[in-house]
Amino acid sequence: MTDQYLLLPVLGHLTIAIALIFCWRRILVQQIISVAGNLLVLIMSIALFHKTWHQGHLTLQAGNWQAPFGITFVSDTFSATMLLLTAFTGLAVSMYSTVGISKNRIQYGYFPILHFLLVGLNGAFLAGDIFNLYVWFEVIIISSFVLMTLGGKKPQVEGGIKYVTLNLLASVMFLTAIAILYGLTGSLNMADLSLKMSGVSNRGLADIAGLLFFIGFGIKSAVFPLYFWLPSSYHTPPSAVAAVFGGLLTKVGIYALIRVYTLIFIPDDFTRTVFLIIASLTLLTGALGALIKENMRTLFSYLIVCHIGYLLGGLGLYTHLALAGTIFYLVHDVIVKTNLFLITGLVNKIRGTMNTEQQGGLYDQYPRLSILMAIVLFSLVGIPPLSGFWPKINLFRESMAYHAWYLLVAMILASFVTLFVIARLWGNVFWKKAPALESSPPDSFAGLSKGRKFMLVTPVVMLVLLSLYIGFFAERINVLSDRIAHELLDPAPYIKSVLGPDAVPATQTR
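The opening residue of the sequence shown carries number 1 in this note's numbering; numbering runs sequentially from there.
The set of hints was computed from the structure by calculation and includes no laboratory data.
You may find that some hints are simply not true.
Straight-line distance between alpha carbons at most 20 angstroms, and here's what the computed PhoX-like set of lysine-lysine pairs gives [to be verified]: (1) Lys-349 with Lys-153; (2) Lys-496 with Lys-51; (3) Lys-293 with Lys-496; (4) Lys-51 with Lys-153.
All chains should be modelled from the sequences, with the hints used to inform the complete structure.
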């Protein structure tokens, strides 16, 4: 079904970013525009999700050039869900940034760049052709590099160089794969590619294209052994920037992997086995890295890597239940990882350090705030009935059914390591006696006005409530993830919505 309002979330952020450029030095005006704009885009995203849920796949052919010749945008349940998660995350980070980002960074364009990043993310989720997806990825890379290095401090620049170098390598892989794919099929439209790939005679070259896509998206997702750039760079920017990075940037790589490997390259047994092995190694290396870290942000960065393994493992299993578990875990992970990095910013405001060994006594000093943080931390672990518990049931069950015992062992070990490092962090930061401090940290949490405290804590509360909703109303998220898994495994409605009702026989499924 054609929908002329499909691009509103993209155009909304683009309009906000341009408006913010004209308020370059007016900090308060930028803060108001950003928060209000994110709230407006959230409303648009909710409306688009509602329409997609009730009417099915929505499409927009840019310039009225019919597919596969023009630029196509598609909203299915998966992309609409990712848009909704991006909108919630964007609003939370924008609110937190009004206090958590220094005036100097705001004056050098923090808020416009943040909205350009959200433009790229929303565009990537709606992209219906593979080259257009590449373009949106480049918008994301450029915006995120600027956000990472904004302020010009040495650790930021060093982390930014590592980040952009590996991501440029990923882009080269991505673009090379696109060129091969176009040479094989003469098309870049993903729905059209889904039809034409089965007729490609040069299977060796097609497999090389699939491998290049996996390497490119694997770098962006930080899978083993391509993950090392993430812990080296995500701890350097401010917590608000790290929050949107940790919550969304690796997930857009996973989104692209799921989209490409359910629509274009249907994985065979060998490919699935490779995915499962890499997922297992990603789980273990991320968990082992987190074990030896004392800096909160670095520890959480390794947990990002670790938990990417759950998502890749679900794709490797490639069953309905496994994909449903993957989508559920993706929804949970976006919210929790965003909140984790916002929490590190709060802790840093209170204690003036990210080192867990130099902290303590937070529960005695801020009991209500500590309970909020506990919900986030133990949602990450997957303590029942919190949000991280439910998707693991499907993933564990399908690992046993598929006899992927190595993946099952890796997931269990990763869960226990996550529990251990979070329990250790809780003991060091919240329960042990507070260290003697000579003076309060500059611009500490205690010295902030009530209004500024409100803007720091409210985003955390909002995301905590979302996490609790996901955990306590898991059956609703199961319905959502089940529908997305069904759509991914049966791409016929997606193809018909883009190419027309005669493109695919009604009985064609995969």
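In ascending order, which of the hints set out earlier in this document are inconsistent with the structure? The structure conflicts with hints 3 and 4, although it agrees with all the remaining ones.
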